[in-house]
Amino acid sequence: MEWEAVIGLEIHSQLATNSKIFSGASTTYGAEPNTQACAIDLGMPGVLPVVNKEVVRMAAMFGLAIEAEMGEYSVFARKNYFYPDLPKGYQISQFELPIVGKGHLDIELEDGTTKRIGVTRAHLEEDAGKSLHEDFHGMTGIDLNRAGTPLLEIVSEPDMRSAKEAVAYMKKMHSLVTYLGISDGNMQEGSFRCDANVSVRLKGEEEFGTRTEIKNINSFRFVERAIEHEIERQIEILESGGEIIQETRLYDADKDETRSMRSKEEANDYRYFPDPDLLPVVMDQAVLDAARDSMPELSDARKARFIDQYGLRGEDAGQITASREMADFFEAALEVSGGSDAKIVANWVIGEFSGALNREGLSVQEAPVSAAMLGQLVKRILDNTISGKIAKEVFEAMWQGEGDADVIIEQKGMKQVTDTGAIEVMVDEVLANNPKQVENYRNAEEQKRGKMIGFFVGQIMKASKGKANPALVNELLKKKLDS
Amino acid sequence: MHTKTLTELSAMLQAGEVSSVALTEHFLDRIEQYDQDLNSFITVTREEALEAARAADERIQAGNAGPLTGVPIAHKDIFCTDGVRTSCGSRMLDNFIAPYDATVVEQFKQAGAVVLGKTNMDEFAMGSSNETSFYGPVKNPWDRDRVPGGSSGGSAASVAARLAPAATGTDTGGSIRQPAALCGITGLKPTYGRVSRWGMIAFASSLDQGGPMAQSAEDCALMLEVMSGFDEKDSTSVNEAVPDYRTQLSQGLQGLKIGLPKEYFSEGLGPEVEAVVRAAIEEYKKLGAEIIEISLPNTHLAVPAYYVVAPAECSSNLSRFDGVRYGYRCDDPKDLQDLYERSRGEGFGEEVKRRIMIGAYALSAGYYDAYYLKAQKVRHLISDDFRKAFEEVDVIMGPTAPSTAFKLGEKADDPVTMYLSDIYTIAVNLAGLPGMSVPAGFSEGMPVGLQIIGNYFEEARLLNVAHQYQQVTDWHRQIPEAFKGQS
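These protein sequence lines are chains C and S, in that order.
Residue numbers for the first sequence follow the working numbering, so the first one is 157 and each next one is one higher.
Residue numbers for the second sequence follow the working numbering, so the first one is 14 and each next one is one higher.
Chain S on its own, in the form it takes in the complex (with noise of 0.2 Å):
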């Protein structure tokens, strides 16, 4: 069961072929078997699932399911989970048990999905290998010694070895995409205010979205519609209509305009990822796509311009950890001074710590127009190239990381070329635009991801060309041969 897509299983759970109950027992058991090891879950909510799945059997019986209704998930565990442990991945959250569920749990809640548990990432969803989770770093299914990618390096992990059908993910500088690149598995960041950002906890306010990892588009297409729409308590949430994505799936790509910016097919590529994508441009070839080369001339701006808006973003948002009113405390505070430098020296990681710093520097009076107002322009300037683009190009197509998954540990200690392994995913972010991650290949025995991107809201084409992709290859649909299992 578990080699199945989300809409394959859901398929059989409307036709009677099977129940969620005996679904959602199997992910669970396939979750204990193998997840000791690859460590993609911080909380598995084994009662909680079942009993959903009972309620969603009960409602497929009764003839009022939707697509969603009884299909087994797993959230990444920065949205916050009406009673359960909600950690972000940090000491600080260890003991947060959530009051409230996000927006987007309430949305699969609603559509009767069952949430299988909670997913690894690492901590307040900074970085890029899932190595500051507080919980240890997330293993790659494809090869243990390596990282899944980050910071939803947890739900990729857990989709790839098909220990979940889906997952949610956020995607802040390329958190759903380059994770989904490194494990294999087919990853979209929606248009910032497509989906709501409430209850998600927020890393950087003004970049940070939601979206959907699965096996295939068509399984990101099916979960992108219960996710979307304008939610009244995110003033940032857009109040635009929700296409039908999965109708718009079938078009042909005849005519399709892709654009391929020279810029991410210049130095910092490895060679054999640029292989892999350049064979899957021939594929769209083949599909009738005519190709253009296009210039997004301040690329190299991207990274430097993230890492001024995040970090500043990020050293106010967590301000409100501070061991007053819940989280981490540290033990027999002396006095305030001193309850908020342990609580918050002790709960928090070295990378959060380090971020939090640059953010206050480039926040200080004195350097904010140099910073944080120099990077704002940097933005309008990003945005403005893909604009250009746009006039010309459908689609915009590039590899998502400049390499394979690397060694756990290779990174760690330098923080600037961890940085770099964003560097095709971050200008989406800067512009808002929608991204997507597909499949494309391995490269010595190591999935590569395709990056697509698209124009403000243009989701359903997104997934409309991914799909077209994914008739005529299989790489998403290729298990690691440790996780193959019985199914």
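Pulled out of the complex, with its shape left as it was, chain C reads as follows (with noise of 0.2 Å):
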């Protein structure tokens, strides 16, 4: 028997808002607890909430980037429940009218290929406190200072078929509310969260399965490992002739696995209606074209730009702008090289760049060396100051916090040899210590000399620590030798 996942997502994407969604309250991460919490965020008697009205131009940004249909109005509604960190007893969200509605995102398979995952929708609402279980001596402690943070959560359709897609989709997602700048995507700090909703079928089935959702996954990683073993585990047990049970399960990172919440019969009724406090949000033609006008410029059209404009591969142009950052870092170090030759900037930030963030786990911004460190670095190498190969050893020095290009060169002495008296004095000498290999090249026939040249040039390089000029030590050696 063939299976085929079914996968959709629900992604919480915290909005880069300076304050709450319907407070003044500062939400700076990280403060002591409630200290960023007011009188509204705590659910004192009589307050009220008004709305935010930068949410409202960052959902219509996001509706723009996936060409989504929206209404003129949306309404918020009350999801009501009780919990301790959860201060009026209801969540204010949006039920029957959502501010963003279908829409679409393009993402790429592992062949190559596009496939379009369909949005349904997309609403804002408002998040929860934190419960803290430690240090309380047997009580809970609550701290409200995330209570009211803006959120956007982004409902697909079931249109996944592996957890491989569900990740692209998902990290295509990051890049889109990072490059819109409506999110910092932080996932450690939870600014970027998803619920998986997954069934199996057996393939070539119309008939979806009966799903189960995985609650609270904060990365990408964890999104895919906690795929993998729920499809298992679904098939697992339909093979074996039993049922998958309609349930919440929550991913166990450390155990690798996924055990279940509560079922379907335990589920809440969370008497939605229209929140009494607040008017529709009204999405008109002013919000749609001052959130037209903030606009950046997106990552498939910046692909495409640094495809044309910098000539680049299509695959680096798509690893660079896969975020927005990583463009941003490479247009900058572009700028501070020269910009004479985006090839070996695109390499270099692809390369000993992203290869050092990954090695530490760094992002671009937490990166020791900044674009114009390594545009400079570049231009070093463009002007033949250093070769390829020093550059190398400067890097990992700028990235110890050595200092930038050029004192690091100046220090250490790495200047390249481009004196063309004292790379002939390297020449000769090594020429004359190896006439064994001087008489071999001369009797060979002239295909094969361009490779016998390498054993001197080596030679030379090593003995200048790779500070000669290598053109010119060719050069020179050419010279001698056919002479």
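Hint data in this document are derived by calculation from the structure and do not stem from the laboratory.
Please read all numbers here as calculations on a predicted model, not as lab measurements.
Check the hints yourself; a few may be wrong.
With the C-beta cut set under 8 Å, the calculated list includes, among others, these residues of chain C facing chain S [stated by the list, open to error]:
{"hint": "1", "residue": "Gly199"}
{"hint": "2", "residue": "Val206"}
{"hint": "3", "residue": "Pro432"}
Ideal Cβ placement from N, Cα and C applies to all residues, glycine included.
Could you use the hints to bring the two separately framed chains together as a complex?
As structure tokens, then:
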């Protein structure tokens, strides 16, 4: 039997506003508990919410980016349930009329083809606070700093057929919201997380199988693993004649497994109804125009431009433009380098720079090497101050915080030797020390000489500690050997 | 001094005939003397009041006083007052000291008014008799075996007994107009969105509206000017200019078209109340008004629709009272469930719990369409009735309540009968219109109120119509014998 997975994702993306969705309190992460919660966030008696206009603009930008249907009115609704970190006893969300309707997002599959994933809707809501279970001697502490933080919940159609597709979609969505500047996308801080709805069916079947929902996954790696596991678990049950129970499951990253949280029967009745404290949100032409005016160049357009304007290979352009930070970094480095050779800058960004980031698990902003520093390094390669090989050493030194390229090159005496006289001395010395090789070279046929010359080049580079200009070395060697 | 209206006291203060401190002391003394029995106040803020009075006197001396500077008033205990207990008539908030002022409280503070204290009310404004208060029932100053009406019963009784010249109230289904009628004072529920709801503890957000309760229409006009206006902290407040309500009071009523809905004069209306209301209408004829019989055909749907919408909203609004952050918390909860169940079970009274249950049921999956959505449709029908009526008439008149004040305990065990005492006021809230109750006479010694309903944002017209009547009658100047005291 061949099985097929059916996957839909609900992504919660925190919106990068300065203040909360319904109050003026700050949204800065990591403050002392309950120092960023005002009377509104605390759900004090008599307080009222007022919509932060910025979230409407951000949602509009998102809607435009995924070419979504957007009605003129959307409505905030109350989702009622009791929990200690939910101060009002209800969450203000959107239910029947979300701010963003049907849209889509294209993802690239591993075989290079493109697949269109449907977006059912995206709605605005407020985040809850946090329950702290440690350090309270059997009691629970409540931190309401996060309460009222704006979220955009993006619900996909069940269009994904593998964990890999789900990850590709999540990455593309992450790229989109960070490109738009509507979210910082910080997954460690929970700014971007998702729930996955997973079911399996026999290939070719029309009907969906019974689905389970995996809650609160906050990394690309976990999404892939959690979905893989869930698909395997479901197939195993079905193949042994069992039945899937519709339930909510939790992914435990430590144990690398999903486990049941609650079944459908235990599900809450949220008693949604329109929030009478808030008027419908108006998405009129003025709001849409403002959103359109603040739209940055998005990844697909930027990729096309990088290929066209800089002559980058499609794959390289795709890799660099996958994140706005990386693309910005590339363009800044290119400018500092003098702008004449985009390919070499791209190679450095994709190669050494990305490699170092991955190795240390850092983001572009956290990198010790800035775009200006990398650009300057490339500039020194291009003006022959250093060779590409030496440049790698300089890059390492910059990464270790030893200063910028010029300082390191100067301090370590890494400047390339381009003085013909000095190189000639080295050439003469190497030829004198290797008479046999010289003999062999001179006796060899013309076609083989090209390869043989590499030996002498290597010796000279070694003698110069890599600083001799390779082009000059080659030129002088040829002249001397062939004479 | 206590027999004077707010407007008269304002003039005396401006003229330097009396100081705010003297005035404030006089009313505080009266509260001390009478309120033990009447129970119209939950909290009396003597020290703060005297301090505010001293500041007001300085302001008057300095010549930068407004008409309300130095005038004592009382706030219904539903308005949050910074640093003062705001209980909402509930055990749940018996220990709650608000850390901020409601916008209405702030507005009166800015105007220089002196706050004597916080008045008693039905718990979370849910009731029509003031018997659901955690602090015990308020008595009707005209007959202390009877209820003052509710939920703003404390405000109504304190003004009727002249323990305060005026007070604020809130009206969700009649909570300003019905107690005003039962206590013989003048009360106005403004258009929904006219007065900010910020800091006013919510019962049913789409219906709640604060308003003035005073002796006369002129007093209400004075207060409404201060209370009205757009508030950026309340998304449902309306950005509409506040007119000068007082200058329009003196207009004549020649040619005024008064609509009498036949549904308001049908079964259920006590004959003695009807007689008083009809006599008041005769008075208007004499003032030059034209009487037109109209129909509001969906009137009978108002009470059922209200008892879906209001409880639904309250079931959600009152979820925040969970024993976690403030307010009542049960002793020694054994777990979270126990904390919720007992804190709410012990902190709320019967009527509040009844409405939370009704509301949660009406919003439940499978019932939402049949109850909540249908009730919202009824609201549209009711609004439509009024819209059509106002194409024909300028104001609508009828009784405020079907009977005069009933005996304490008489309806306490029969919620449905109790709910019917708001039968003439509820539709106005569902439609969001402004409505007033004006003292129109007595029946067996108990006051009867005339209700005047206006079109959206026509508070000025309502006040004018009420004021002209009060120029030719003195029902609003009557004081219960037991509270006349020495002026």
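To see whether the hints hold, each was checked on the structure:
1. Gly199: holds (4 Å)
2. Val206: Holds, because the Cβ-Cβ distance from Val206(C) to chain S comes to roughly 5 Å (cut-off 8 Å).
3. Pro432: holds (4 Å)
The structure is consistent with each of the numbered hints, conforming to all of them.
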